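What follows is each chain in one-letter form.
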Amino acid sequence: MADTNTPPDARTEAPLLEIRGLRIGFPRPDGPPLVVVDGVDLSIRQGEILGLVGESGSGKSMLALAAMGLVPAPGYVMAGDIRLDGRDLVTLSEREWQKVRGRTLGMVFQDPMTGLNPVRSVGALLGESVRRHQKVGPEEAAAISEAALKAVGIPAARERLAAFPHQLSGGLRQRVMIALALVNRPRVIIADEPTTALDATIQAQILDLLRDRLHEAGGLMITHDLGVAAEICDRIAVIYHGRIVETGRTRDVLAAPRHPYTAGLLAAVPRFHGRGTRLIPIRGAPPGPVSERVECSFRPRCAKAAPECAAAPALEAIAPGRSVACHHPVAAAPAREDAQ
Amino acid sequence: MTGAAPLLEARDLSVTFATPRGQVHALDGVELSVHRGETVGLVGESGSGKSTLALTLLRAIEPTGGEILFDGQAIGHLGSRALKPVRRRLQMVFQDPYASLDPRMKVGRIVAEPLRAHAYGDRARIAARVAELLEQVGLPADAAGRYPAQFSGGQRQRIAIARAIALEPDMVVADEPVSALDVSIQAQIVNLLQDIQDRLGIAYLVIAHDLPLVHQIADRIVVLYLGRVVEEGPAEQVVARPLHPYTAGLLAATPTVDTAGRPRLMLKGDPPSPINRPDGCPFHPRCPIARDRCRSERPALVAPDAGAARRVACHFPGEVPPPLAAGA
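Line by line, the protein sequences are chains A and B.
Sequential numbering from 16 applies to the first sequence in this note's numbering.
Sequential numbering from 5 applies to the second sequence in this note's numbering.
Since the hints were made in silico from the structure, they are not lab data.
Computed from a prediction, not measured in an experiment: that's the story for all the values here.
One or more hints might be untrue.
Derived SDA-like pairs: lysine to any residue, alpha-carbon spacing no greater than 20 angstroms straight-line [stated by the list, open to error]:
1. B:Lys-272 - A:Asp-227
2. A:Lys-150 - A:Glu-111
3. B:Lys-272 - A:Ala-171
Could you build all of it, start to finish, from the sequences and the hints given here?
Here it is as structure tokens:
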């Protein structure tokens, strides 16, 4: 099913969003900065959704914020490039960023209540964004706004333009935020845990919507939930302690994880066919941020740790479209024999 | 398991709150039982009443209708003094290990709190028991002298579990015990809860929105919708062959790494507000198979066949195809 969503020419096009060697640090008074994103490369092509999967403190949200020019001070981009449609974003001024955000870059956040200005009606929020970025009059802006609400499956779109965010249910609010992200037809949409705050049946509706709409541009989906990534992402990149440890086509990575951390996550998550078996936890907890990385960050928790792991491994291609940062990758056979 | 009297039983339990916008029927005739040593998983979405049910069973809320029986004793309207011996046997673990532990108290004192409240013994005896509990939940012995802020989320949940099992209760109600934790840590806590149950025979009522998790750990699953139990039965049967269309929809909506890309039964709309409950079956506005009867007549929670271990509140049970049967 995921196949039909990937355009056949996706592989030959230049990436829409390309991140190279990104490092994000937080200065501290008594030493070198703490590096929370450490040399990340990512690229997203037209019509593709990339899932960035990681746990708390992995750096996934900081990476998303950097791609939106929103790294909270005193954090800063220490090194690396972020290119959107060939244009370097890292050197943009805040004024220039404001022309990018909401125009070429759409953003969807976890909590639609804090992501939407509560004193603006839905119509005002959408209309202001349209008129900020497009040369249209108020009537045309209203028509574009109404069309944007229809495109995200909001019934009675015209009447909803008058509503305020607090008058809408959580699911409708998230649809409005997606409409706002899409209203100026951005090239790339970044969605940070867009369904985490929603109930399961609403999450399923929003994931369906995101799958369709994000494929029309390019999508970066930040999530902690492997199941969510499996539902809508064409490729996934697993991030651990500020570094990508594994990347590849979603179904390849989930069917046969090569990094011990990815394999560990999959063994730790409950599944419907796992009843009566015990979950296999990953021992210990992720390390806190560091200034300088020496060993593989996963080494203290890894069952396969060996002396070589004292040197942090680089992310290296092991197959076309598949990379892993591990000195001793998991064997290529399926991780679970009980998967039918 | 069906032969013995339940350890905890809710009979026709109702809780109504008065609000400026009208009466909220948070719980509306809930029937629930938990037997000794059993794990019951309670699932439902926002507004289903699952957290209200937990607080009512623990008597943090007094029911407005029906009764709660604990080991045969009616506890629904007991005063706090009469409840004290019940509380000793019925403990709680909360979702947020950051909010449920007093940040100014050292861990040793947090774990000792129930021991002191129930006059467990002198200081030395309590200290020895605390050390034993910390070991049982996998925390270092020196944890007793530290503050909750010095521990990670997973370790804090271990502290909360140590406190809950300090008096060797018969039952623990756990409200989303792992949902605030990262996946790699969740499994540690789930396994700890299972080990404790194996050792102490504690019954669990686990409230969770995560169906695969509930399926993993529960003997029985109870599905709550708009303050009512809509389906109940052995976990594997409920998941493999849901009888209520809401259960089927919830299963189909759950994203998992194994079932991605399958055709889905999509429930439309939002769960309705408990203030404006629909007539008839409360699920009918979202139900893919609703008929005239469903709009006027509320279905009772009954066994689908004589002698079945399951109960369902639906006029047309089992009509929706099980979402996980093919391709799962």
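Worksheet item: Does the structure keep Lys-272 of chain B and Ala-171 of chain A at a Cα separation of 20 angstroms or less?
Response: Holds, at roughly 15 angstroms.
Discussion item. Between the alpha carbons of Lys-272 of chain B and Asp-227 of chain A, is the straight-line distance 20 angstroms or under?
Written reply: Holds, at about 17 angstroms.
Discussion item. Hint check: Lys-150 of chain A vs Glu-111 of chain A, CA-CA at most 20 angstroms. Holds or violated?
Written reply: Holds, at about 17 angstroms.
When each numbered hint is compared with the structure, no violation occurs for any of them.
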